[in-house]
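Here the structure of chain A is known, so what remains is to put chains B and C in place on it, guided by the hints.
Chains as they are written, first to last, in my numbering: chain A, 1 to 338; chain B, 339 to 603; chain C, 604 to 861.
Hints may contain errors.
What the hints assert, rightly or not - Quick list of in silico lysine-lysine cross-link-like pairs, DSSO-like style, CA-CA up to 30 Å:
id : chain 1 : residue 1 : chain 2 : residue 2
1  : A       : 225       : B       : 369
2  : A       : 225       : B       : 368
3  : B       : 368       : A       : 317
4  : B       : 523       : C       : 616
5  : C       : 738       : B       : 369
In case anyone wonders, no lab produced these hints; they're calculated from the structure.
For clarity, every value in this text was computed on a predicted model and none was experimentally measured.
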Amino acid sequence: MMTRCGALALVALLAGCGEKAAAPAVGAADGAKPLTKVTLQTDWYAQPEHGGFYQALVKGYYREVGLDVTIEQGGPNSMPVQKVAMGNTQFAIGRSDELAVAAGRGIPVVMLAALMQRDPQAVMFHKESGIRDFKDLDGRSIMAVPGAAWVTITERKYGIKISVTPLDFGLSRFLADKKFVQQCFITNEPFYVGQKGANVGALLLSDTGFSPYRIWFSSRDYIAKNPEIVRAFNAASIRGWRDYVDGDRQAADARIGELNKQMTPEFIAFSVAAMRKYGLVHGDPAKGERVGQLDAARIAAELKQLADIGMLGQPVKVEDVFAEKFLPDDVRVKSAAK
Amino acid sequence: MNPVMKNRLFAWLQPAVTGVGLIALWYGVKKFFGIPTFVLPAPDEILSAAWTERAVLWASALVTVRGALLGFLAAVAVGFLLSMALGFSPRIKASFYPYILVMQMMPVTILAPVFVLWLGQGLPSIVAITFMIGFFPVVANTTMGFISVDRNFQELFLMCKATRSQEIRYLRIPGAMPYFLTGMKIAGTLAPIGAIVGDFLAGSAQNGVGGIGYMTIAYFSQLKTPALFATGLVACVMGFLFVGGVNWLHWRLLHSWHDSMVKKE
Amino acid sequence: MGFVAMNQPPVVKIDRVGKRFGTGPVVLDGIDLAVTRGEFVSFIGPSGCGKSTLLRLIAGLTEASSGSIVVEGMTPADARELMFFVFQDANLLPWRRVAENVELPLLLRGDPLLKRQERVARMLEIVGLASSSTKFPWQLSGGMKMRVSIARALSVAPDILLLDEPFGALDEMTRDKLNEDLLAIRERDPFTGFFVTHSVTEAVFLSSRIVVLSANPGRVATVIDVPFSYPRSAELRETPEFLQLLGTTAHALRGVRT
Numbered sequence: 001m002m003t004r005c006g007a008l009a010l011v012a013l014l015a016g017c018g019e020k021a022a023a024p025a026v027g028a029a030d031g032a033k034p035l036t037k038v039t040l041q042t043d044w045y046a047q048p049e050h051g052g053f054y055q056a057l058v059k060g061y062y063r064e065v066g067l068d069v070t071i072e073q074g075g076p077n078s079m080p081v082q083k084v085a086m087g088n089t090q091f092a093i094g095r096s097d098e099l100a101v102a103a104g105r106g107i108p109v110v111m112l113a114a115l116m117q118r119d120p121q122a123v124m125f126h127k128e129s130g131i132r133d134f135k136d137l138d139g140r141s142i143m144a145v146p147g148a149a150w151v152t153i154t155e156r157k158y159g160i161k162i163s164v165t166p167l168d169f170g171l172s173r174f175l176a177d178k179k180f181v182q183q184c185f186i187t188n189e190p191f192y193v194g195q196k197g198a199n200v201g202a203l204l205l206s207d208t209g210f211s212p213y214r215i216w217f218s219s220r221d222y223i224a225k226n227p228e229i230v231r232a233f234n235a236a237s238i239r240g241w242r243d244y245v246d247g248d249r250q251a252a253d254a255r256i257g258e259l260n261k262q263m264t265p266e267f268i269a270f271s272v273a274a275m276r277k278y279g280l281v282h283g284d285p286a287k288g289e290r291v292g293q294l295d296a297a298r299i300a301a302e303l304k305q306l307a308d309i310g311m312l313g314q315p316v317k318v319e320d321v322f323a324e325k326f327l328p329d330d331v332r333v334k335s336a337a338k
Numbered sequence: 339m340n341p342v343m344k345n346r347l348f349a350w351l352q353p354a355v356t357g358v359g360l361i362a363l364w365y366g367v368k369k370f371f372g373i374p375t376f377v378l379p380a381p382d383e384i385l386s387a388a389w390t391e392r393a394v395l396w397a398s399a400l401v402t403v404r405g406a407l408l409g410f411l412a413a414v415a416v417g418f419l420l421s422m423a424l425g426f427s428p429r430i431k432a433s434f435y436p437y438i439l440v441m442q443m444m445p446v447t448i449l450a451p452v453f454v455l456w457l458g459q460g461l462p463s464i465v466a467i468t469f470m471i472g473f474f475p476v477v478a479n480t481t482m483g484f485i486s487v488d489r490n491f492q493e494l495f496l497m498c499k500a501t502r503s504q505e506i507r508y509l510r511i512p513g514a515m516p517y518f519l520t521g522m523k524i525a526g527t528l529a530p531i532g533a534i535v536g537d538f539l540a541g542s543a544q545n546g547v548g549g550i551g552y553m554t555i556a557y558f559s560q561l562k563t564p565a566l567f568a569t570g571l572v573a574c575v576m577g578f579l580f581v582g583g584v585n586w587l588h589w590r591l592l593h594s595w596h597d598s599m600v601k602k603e
Numbered sequence: 604m605g606f607v608a609m610n611q612p613p614v615v616k617i618d619r620v621g622k623r624f625g626t627g628p629v630v631l632d633g634i635d636l637a638v639t640r641g642e643f644v645s646f647i648g649p650s651g652c653g654k655s656t657l658l659r660l661i662a663g664l665t666e667a668s669s670g671s672i673v674v675e676g677m678t679p680a681d682a683r684e685l686m687f688f689v690f691q692d693a694n695l696l697p698w699r700r701v702a703e704n705v706e707l708p709l710l711l712r713g714d715p716l717l718k719r720q721e722r723v724a725r726m727l728e729i730v731g732l733a734s735s736s737t738k739f740p741w742q743l744s745g746g747m748k749m750r751v752s753i754a755r756a757l758s759v760a761p762d763i764l765l766l767d768e769p770f771g772a773l774d775e776m777t778r779d780k781l782n783e784d785l786l787a788i789r790e791r792d793p794f795t796g797f798f799v800t801h802s803v804t805e806a807v808f809l810s811s812r813i814v815v816l817s818a819n820p821g822r823v824a825t826v827i828d829v830p831f832s833y834p835r836s837a838e839l840r841e842t843p844e845f846l847q848l849l850g851t852t853a854h855a856l857r858g859v860r861t
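Next comes chain A alone, as it looks inside the complex (with noise of 0.2 Å):
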């Protein structure tokens, strides 16, 4: 049903030429200060991966620190960095190694947080076809994004061979052929498939080492200029997702529902359940990870596992791509010397 990382639109690339700066304040909630209009510009059609949001949303917590949120839906090319670096809006959703190719293009874009400590992605396959782990890929053919990292990255953790065919964002090949393996969300495909009676397993792309986390980005431009309301945007959202994924989501998930016909409460319970047993969003508290942290540590090394696979076009640090003063206090990471 979905999968990030767009397929081709050259014509929508032209398309965005135009500079917006964030629309100026309009209508007031409380009569006393007029609320800031910003837009969320999401990768996808609405979908629990996007719950935390949402719950911000209509629990009025943008509301409370003076923001009025617009979440716009995404689709096949929702060419989220694009958009962004056009200034069409002010955040978006994406992975940090998007944000770091983005930079490595000298693209001005900069992440303030992540919702997912680590990424959905996955691969899933049928059982029948013996694969186990991920060495077990070698000489298969993947339906998967063309020029994806953790590809090459795969390949050469394990020393094995992988042939691309280009995502078609549909299930009817997989439950075709029980050999077949595609990218996935571990949240989403395997859903369907196991509706259809698929016998259907997952490995997690991020047990292959490459693990990089599902972020929201800005600007470097627009965070310079507007540093209270990413603050505030930045608070309001973490709290959203804290909220999302251990308290009450009922009204968050009708939203949701309301805006993509396909999300029934069924499969919204199924999506939160796997980011619960995989501790998507709340990572390894063991470990210091808190819901929506990034670590500038893991970022550079990240980093360098991009440039070892030649990814990045030019060196980038760690301050190029992350902009830490951003994110509330009790959610950073904490210096050893503590």
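Quick look at chains B and C alone, frame taken from chain A:
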């Protein structure tokens, strides 16, 4: 300078000057609107990326050319044979032509997964998809050629007491050649496009190198926009070569006798 | 009188022939005509009188709706080997060279290569186009193309030659020359000729008999005998007898004009 030389000079000077103008406009627009490279790269950036990526681009071009060529040949061969059946038997034509039309109208994206399930990923499916895209023009034109035979010629053959197969061999097939070659020209133009689309839908890559279509997605997802445009450039060149090749064939087979080729005095 | 043997059985007998295409108008009605070997018969008449159709009926290219046509004692279809047709448009296959066009009937009936080549060379000599044998039709003038068409028709040495307004698209000088050439060919290799034309001069110059048809439906209005002996020369056209016959024929033609 004598008039003949002057004409020849102008023949290539005019497009060359226009080309320079367009490139200048490109730089101008980029500068004026401040368009960043990752949205619209400059021509020199594209050429530089083409040079840097030349090994990959060459390899992927070969993959695509292979698929395009095989698909084209299949479209031409099968198209020709099918046209003969349709042209010579009104019953076959009435029975099957509507379904051929349906096959043509159906978007390739729907048929592609069927091919992949049936033929497997990679070259066989790409050839099948390219075939699908190219064979209808061949069939439509060639069938028309077989059917529209001059009644006077038919009477001539009747006077000679020619058998049906003699009529087919000496009249209908040569008579259909101009139509067939027109269809072939169209198929030749579509073949590279077909192979690139086939790549998106059924392509496969080792070591990160696939056909042109595949590389387009890869470069796009890696935000390597100059390289992305460079693949576009390669696709253009490929298209020109294909069309050039088919045009040459057209000329070679028809130039001695056909209206379209013979210069009017 | 040459070859016209008057007391022989007719080589072509047209007996109360009528023709109608489908449910359309009647094109020919009650045509009677007996033609003996060696004659040269022209059909003239206003447009729509069915003269081309009549020619095609004799050639067996189409069938009569009523009545019968007997050619050498057979139906036209069976007698096709003895006939050939020269079409209004030269009707040359554009992808074949001149020599290849001339050899076409021989090729289709299975003659071996050497025999074909020999015959084609001779035919081209006769029509005076030996030097153009490798040219393509587009390279020839209208008159030349027609001569190739005639060479092709003659290659099978037909007993009966049918010509459908072959010189209509040519200028008068070329036409006159080709008329003379046609008669010269006939002197050497005799055939029974059927000729459709709009030109009264042509009809009188070439024919031993002229059949004038009326239109809607096509019927035989009158048959005019042409008493001049063969071989005929170009000077014939200037004789008073010729001019008088021209007048008679033109008068007959005017008479059937609707």
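Given the hint that residue 738(C) pairs with residue 369(B), test it: the Cα-Cα distance must not exceed 30 Å.
Status violated; Cα separation ~61 Å.
Would the hint linking residue 225(A) and residue 368(B) be met if the CA-CA limit is 30 Å?
Given that 30 Å is the threshold and the Cα spacing comes to 25 Å, the pair holds.
Please work out if residue 368(B) and residue 317(A) have their alpha carbons no farther apart than 30 Å.
Holds: residue 368(B) and residue 317(A) sit about 29 Å apart, inside 30 Å.
Do the alpha carbons of residue 225(A) and residue 369(B) lie within 30 Å of each other, as the hint requires?
holds, 24 Å
Holds or violated: are the alpha carbons of residue 523(B) and residue 616(C) at most 30 Å from each other?
Not OK: residue 523(B) and residue 616(C) at ~54 Å, beyond 30 Å, violated.
Violated hints for the displayed structure, listed by number in ascending order: 4, 5.
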